[in-house]
Amino acid sequence: MKTKLALLSLVLTAGLTAADQPAACCAADAKPKAACCTSDEKADKAACCAEKSDAPAACCAEKAKPAACCAQVEKPKPAACCAVEVPVAKKPDACCAEIENRESKIQNFSSESLYQLEVGFTDDRDRPFTLASLRGRPVVLTMFFASCGYACPLLLTDMQAIRAKLPAEIRDQAAFVLVSFDVARDTPAALAKYREERQLDAQWTLLHGDDDAVRELAALLGVKFKLEADGQFAHSNLISILNPGGEVVHQRTGLQGGLDEAAQAIVAVSR
Amino acid sequence: MPIARRIFLVLAFVSAAAGRCAGTDPVAPAAMQTVPAGAYVPQQRSTKDPEQVPVAAFRLDTAPVTNADFLAFVTANPKWRRSAVSRLFADTSYLDHWAGDLEPGARAPLAAPVVRVSWFAARAYARWVGKRLPTTAEWELAAAAGYKTATGKDEPDFNRDLYAWLARPVPEVQPTVATAKPTLHGVRGLHGLVWEWVDDFNTAMVTGESRADGGLERDLFCGAGAAGARETSDYAAFMRTALRSSLKANNTTTSLGFRCAQSIP
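Quick note, the sequences are listed as chains Y and L, same order.
The opening residue of the first sequence carries number 1 in our numbering; numbering runs sequentially from there.
The opening residue of the second sequence carries number 1 in our numbering; numbering runs sequentially from there.
The hints are simulated quantities; they were obtained by calculation from the structure and are not laboratory data.
Beta carbons: idealized from backbone N, C-alpha and C, even for Gly.
Among the hints, a few may not be true.
Claimed, not checked - Among chain L residues calculated to face chain Y with C-beta under 7 angstroms, some are:
| id | residue |
| --- | --- |
| 1 | P50 |
| 2 | S86 |
| 3 | R87 |
| 4 | L88 |
| 5 | N202 |
| 6 | T203 |
| 7 | A249 |
Can you make the complete structure from the sequences, with help from the hints?
Quick look at the structure:
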């Protein structure tokens with residue numbers, strides 16, 4: 001019986017890997033990871049990979065194909081096999097590979113993934129933030145500066161418009177990220193103020209980085225920016241869409257049109 | 001297409017070949033010289049920008065990073081080897097003229113400047129040796145010096161050498177760094193060898209026609225409507241601006257290398 005179950009799990013795992021595009025959350029590597037982020041568990045999918053601490057429970061929730069999830073556990077009970085109270089050592093690889101991966105630095109990102117960038121940012125609550133923590137979600141990312149009087153408010157409005165165009169389940173899953181290239185003025189506190197003024201909810205991430213971090217991210221995105229003598233920045237107007245693996249799949253350039261295409265790009269990588 | 005850009009294209013796409021190489025000596029600390037404080041006159045600036053940007057004194061490598069230097073870097077940092085580097089950080093022609101991962105080979109003489117390196121690779125190298133890339137302002141300040149004075153554009157023989165180099169196609173094999181004549185500050189090869197990466201290359205905001213002030217450009221770049229060229233006679237500077245603005249950070253070309261700088265505490 002045990003053998004049969006194990007076999008079944010293997011089949012399930014393999015099937016899932018092919019059908020459910022594990023890349024959406026669990027990148028292109030190891031097969032068992034597919035189990036932790038099945039497509040009918042979109043909410044959990046995000047949770048699974050968003051926060052290390054919640055991931056075990058979330059990624060192996062009831063509907064998440066327990067057989068596959070718990071393939072290697074002694075008693076393949078959906079809730080039990082990945083429950084938070086199970087000692088770390090006993091957590092099945094299927095559930096925890098993702099989490100272990102995040103903790104060890106072996107990330108297995110694709111060669112086009114922005115998440116290879118090793119620089120760190122700080123969010124507007126003054127907490128360290130790595131871009132790789134966005135892994136598993138479609139991302140809408142724009143570089144801006146908070147005191148910008150011309151294009152940046154338009155860029156924010158456009159990001160909000162893109163958000164409004166998304167189907168509800170994808171909208172909830174997506175991350176909206178604003179990274180400031182104004183390293184001097186846009187401190188975490190200044191960004192927190194910006195969040196309040198613009199009434200941006202928890203789905204929005206506002207990031208401050210040092211000069212290196214900002215310059216390298218800008219270089220990867222193709223964003224050009226230059227501090228002008230009057231304290232304003234000349235900069236590219238660019239909204240980038242990243243797939244769950246952190247690859248740039250679409251960029252909307254300029255300030256006119258292109259919102260439908262951007263929304264479609266997000267939908268395409270979310271399925 | 002502006003003529004500067006056309007020439008840049010010719011320079012950038014003529015490819016390299018042939019030569020001879022020796023052993024793999026570890027990299028000795030590169031010689032540096034102090035470039036005294038001065039003013040950088042941006043070739044392109046906003047109407048609101050001052051005509052001159054003050055630049056503090058800094059240290060600059062006297063020569064571009066060579067194949068020997070870069071070999072030591074990739075030997076110590078496997079992820080920057082040709083076969084291992086991520087496409088995100090270097091395109092497919094990265095070190096393409098080298099014979100192997102750890103073998104520059106005949107087309108990349110050890111004492112010649114390394115080319116086909118990306119901005120990310122150049123930055124990683126600079127960090128590895130405890131330095132950084134020069135900024136555009138620093139590089140241009142150093143490069144403005146002639147053989148005898150701080151303003152090379154007023155020296156006929158300096159200009160002659162500069163424009164003769166610009167007119168020459170990229171050689172099959174880069175000459176050694178020693179072949180370049182040092183300028184006032186004891187720095188060689190800023191002109192006459194290869195183009196060089198600067199840390200803030202992505203501040204050059206030229207789209208196609210650099211003097212255009214079209215609606216598209218204004219939309220692409222916040223603040224770009226005010227950008228304009230100051231001196232249209234400094235042709236070489238136009239070419240450098242065109243080059244920088246056309247590059248992406250993972251690009252590599254047969255005529256683009258780098259050197260390192262350091263701030264003076």
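* Asked: Hint by hint, which ones does the structure fall short of?
  -> none
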